[in-house]
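Here the protein sequences come in this chain order: Z, H and L.
Per the working numbering: the first sequence = residues 190 to 959.
Per the working numbering: the second sequence = residues 2 to 277.
Per the working numbering: the third sequence = residues 3 to 174.
To be clear, the hints were calculated from the coordinates, so they are not data collected in a lab.
Treat each hint with caution, since some may be false.
Computed, partial: chain H to chain Z, Cβ under 8 Å [unchecked claim]:
1) Tyr9
2) Val72
3) Arg195
4) Glu245
5) Thr247
6) Ser248
7) Tyr259
8) Leu263
Glycine is no exception: its CB is placed at the ideal position from the N, C-alpha and C atoms.
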Amino acid sequence: MSIRGSILGTRVLRTEDPGFLSTGGVYADDVQDERLAGACYLHFVRSTVAHAKIIGIDVSAALEAPGVLAVYTAKDLADAGLKPVSPMMPNMNQAMKQSLLASDLVRFVGEPVAVVVTEEMYQGEDAIELVDVDYDILPAVATMRQALSGERGLLFPDAETNVVCTYGDASAGNADLFEGCEVVVSEVIQNQRVAPAPMESRSGAAAWGEDGRLTAWIPNQGAQGTKGAIMGMLGLKPEDVRIITPDVGGAFGAKFGADAEHAVTCWVARQLGRPARWSETRNENLLVMPHGRAQEQKITIGGTKDGTILAYRIEIIQDCGAYPKAGAFLPSLTILMTPGPYHIPRAEAWSTSVVTNTTPVGAYRGAGRPEAAAAVDRAVDLFADAAGVDPADVRRKNLLPKFTEPHTTAFGAKYDSGDYAAALEKALAAADYQGLLAEQAKRRANGGTLQLGIGLSSYVEITGPGGEAGGPNENGTVEVHPDGTATVLTGTSPHGQGHQTVWAMLVSDELGIPIEKITVKWGDTDLVPKGGGTGGSRSLQLGGAAVQQASRELLDVARERAAETLEVSAADLEFDTEKSAFSVKGDPDASVPLSALAESERLFVRSVFTAPGPTFPFGTHVAVVEVDTETGKVYLRRVVTVDDAGTVMNPLLAEGQRHGGIAQGAAQAFLEEVVYDDDGNPLTATFADYPFLSATEVPSFELVDMETPTSYNPLGAKGIGEAGSIGATPAVQNAVIDAVSHLGVTHIDMPTSPQRVWRAINAARGSKEA
Amino acid sequence: MIPASFDYEVADSAAHALALLAEHGEDAKLLAGGHSLLPMMKVRLAQPAVLIDIARITELSGIAIDGDEVVIGATTRHADVASSVLLKAEAPILAYAAEQVGDPQIRHRGTIGGSLAHADPSADLPMTLLALGGTIEITGPAGTRAVAADDFFTGPFESVLGPDELLTAVRVPRGGPDSPGGTVPWGYQKFVRRANDWAIVGAAAYGGRVALASMGGTPLRALATEEALKSGAPIDEAAQLAAEGTSPGYDFHADVDYREHLARVLVKRALEGKAD
Amino acid sequence: MTEIKLTVNGATRSDEVEPRLLLIHYLRDSLGLRAANVGCDTTSCGACTVLLDGESVKSCTVLAVQANGRSVTTAEGLVAEDGAMSAVQQAFRENHGLQCGFCTPGMVMAATSLLAENPHPTEQQVREGLEGNFCRCTGYHNIVRSVLAAAGKLSGSSEMPASEVPDSGVTA
């Protein structure tokens, strides 16, 4: 749907693509810069045990190995004055600090213990094998339950607990919450740990100039945040640090800020007076890049037999891994979104975040909100099943009715606009829900091996949150050059989303400059010192709005100059976007091109757009699976979605975001999981073991369009980036359970692996094989 | 991610390869497609001092009929086995199995000899050779010997192939419409969570022979099932015995009882002639 | 050190390399052809895919010495001298078959090889043909569309030259 006949709303191909397709993107490992000439290479020695005291580190053999320039341990960093990193928020247990290199204790398999620096890359892998670490193994706190019970001890003796922080108040819980409910169902469910696993692993390069400034090329989701993290870890001043963001090969929440290895790379470069490069292997990536999700949830839902929901409670335990990171605070977002799109008269939620001897947990596409949606939609289906009401009817009965004025929930979330029922009906119609039910009934009557399951999810989620007082905001700078080109500076940080194209579209729409003549820049802290980066699906609604706003303000500035040039008053001028020129009303020959107004003085505007608050995209997903009831294997056949994120600027790119989110969400439901054994040893730390989704496991997706604009920005846009991953997970999980519900199955934890499905079927049948 | 250092020699004939093996002994490994060996070397589970490249020895590659058998050279790639018109006619189960190995890129490099020498109990070709009742030809300092598939695999990643020997060819019986006994029915089942994985359990049926993957330290014959079939039991019943005599391991994909259950289901489907 | 002589994107190269040098690193670091990427360490993800004598291989699991006397084609080599992209590259652009781009060169090479062997694949055959190439961004939907579109274009007219990079603003 094109807006006002403009380029906005049309399927513009990405201007970024020819480079990516031919010579390839320039990711951190590809960067060739004269400042990095002669760079040395870092390789890390990592803990092979989950929990141990470090008795000693013998680097003598490594130091003798070919090409080794240095070997450093925690002692070297401490001697240099580097301090451990404290948990990022004040409510987190501040005794749970992380040294950049493990000092007296290692707390997860993969934790960096030492770093070996070599002349050539290949020499590094040889040399790390020669570092000998002597461990005194301690019991591993392998699970959240062990963390809470204390049966395996404490990760941080000084903390006197394994609890990082809590949200909500369990003691304020209402024991009579489900009073008056004819039907009450309760279940403990897992929102399992997954690995973000972007195709580009972590890497970095650093060089110090003779001026004492650090320039570091670090893949990230916001260079400004990365700069702050490096400054903090190394005790540097802002003027001494420049972060340059190369092309980033996917992030999904796991590349915010900077990790210990990035800081160590920068430090080594200064220590040796020589540029330094680091690149991790996929195994290291699956061991150390923060994992996602990892919540255990006790859900209880109650209502009347006709399918009306009266009460809902969710009790959360969040696994933070060994060191508290973003994962520790994500339950607060889960709690915020507790009721989802449903009207639930009485609801309560609380959470406890704990450390375990596993990989730290961070943000992963959806970050706290998929957990809320998966819980409430599982609860809705459990309730529907117990009440004997069709899950679609339960949703119809309990979805909040359409609203155009903001609606604040009991949990304090102010939903800006929503029409959840319409999303549900559109998705059901597109999926031919009735036809699917008929097919399912037929197969059940035939009793064949391959049964059909239909799963629903109706979700709402929060995007574009702001951390600063005064509301969520982002800056944008637009400059028009005398040669007719334009440059845009943005505080967002794309890593596949296409901001180069869409921001250019927004500027083009205002200024009439063709998009091929517009260059968008981001991610260089010298060029863009302030910015919120890209995450939480904030970029278009804040960064895009800022760029549009800057363009409009630039026209105002230009108008004044044009008025002077043409010796008329500004009110007598009109701007023709087709010509990108001002002309006098009624006298088209009296005109001046926009670019000409940049000749004597630079023509640029920096503008900050502030939104009244976060926005709330919503939708419904319908998933169709086939389950082989003999083996338990799940085949995902269809995913039909409505993902309403307001006005769409570029449908081609919006669809791509939905596809990617749906795939990741579905993958969590039936395929992917990070697994540890009872000693905290990881079992899924390679791509051969981690069941990463391939093209054969998913179908093509069926997307239905729906746009309910928001009033919170002139674009009418909410955030689309994470919606797909929020709706798909519960839809697919519900579908799998639905496929075997006639056999008596009411719940199967994610991922619904073949063995889990088989065991559920057997348990329901009361078979001895279970 | 990268192998430890090694020396590299190129063999220009089978005799040359054997001479190099004799010279370097246990320090040397043969390299054909390298898609079993190089992944192990990259994670340093294998660190041979010398690699002897046999991929260029043309006499070791090729597919031809020899009487009642089809002979396949050891360095014939999976892609060529899979697309072979001759094999699709004469031993379609082998062509089918080769198509299941890994992914297209892997099949452009990996070889039948390499796969059998690697002796992975979860792999496609060892199980299939067992079902076919094929023969593996080995050449060493003492000459050439033929080892039945039943006798070739001795343990996880272990076979009778000696460190100074070269696997030169694989022989399988002809089972197409023009063969002496006519078309031999076959079926193939590879159970995975995700494409490109090794089988959680695999089953291959060829005539009255049934072989399993991932049910023990080597590919195994489902002998109890075969016996039952010989005594006239229907497929359903015979398949119920598929797990007898097996010793499957467990991992996070599958416990022992689930593997045993899968063996029964997959053998039944393979015996029904299904290949999917 | 071992001497190798091979053709890369049509040009002859002679070099002395360590036997353990992986082909991916030879291409990237010795020859500066950095489109292909390293995405894993278990020959799983395919980000390193190039063509060896016209067939797709994972260059992380091929030694540079194994490519001696052979011909290698990378994504850079699919672009004509006048800058025109191949039909497959073109189709990826037109169908939004890439987002972050990290898997893309490998995906393009795998697709090129796939279509050379099977010019008229079904959707299922495309998905199976790409099972050795992982993508995290696109959910594979538009990648499959791109490959099917390229197949249609290529089989529509085998004499049709690769088209110029189109003006932006073309609606899909």
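Results of checking the hints against the structure:
A least Cβ separation of about 15 Å between Tyr9(H) and chain Z goes past the 8 Å threshold, and the interface hint is therefore violated. Contact between Val72(H) and chain Z, as hinted, is not supported at the beta carbon level, the nearest pair being about 33 Å apart and thus beyond 8 Å. The closest approach between the C-beta of Arg195(H) and any C-beta of chain Z is roughly 5 Å, which is under the 8 Å cut-off, so the hint is satisfied. The interface hint given for Glu245(H) is violated, since its Cβ lies 16 Å from the closest Cβ of chain Z, which is over the 8 Å cut-off.
At a threshold of 8 Å, the smallest CB-CB gap from Thr247(H) to chain Z is about 16 Å, leaving the interface hint violated. For Ser248(H), the suggested interface contact is broken, since its CB lies about 19 Å from the closest CB of chain Z, more than 8 Å. Of the supplied interface hints, the one on Tyr259(H) holds, with its beta-carbon coming within about 5 Å of a beta-carbon of chain Z, less than 8 Å. Using the Cβ-Cβ criterion of 8 Å, the hint placing Leu263(H) at the interface with chain Z is satisfied: the shortest such distance is roughly 6 Å.
Checked against the numbered hints given earlier, this structure breaks hints 1, 2, 4, 5, 6; the rest are met.
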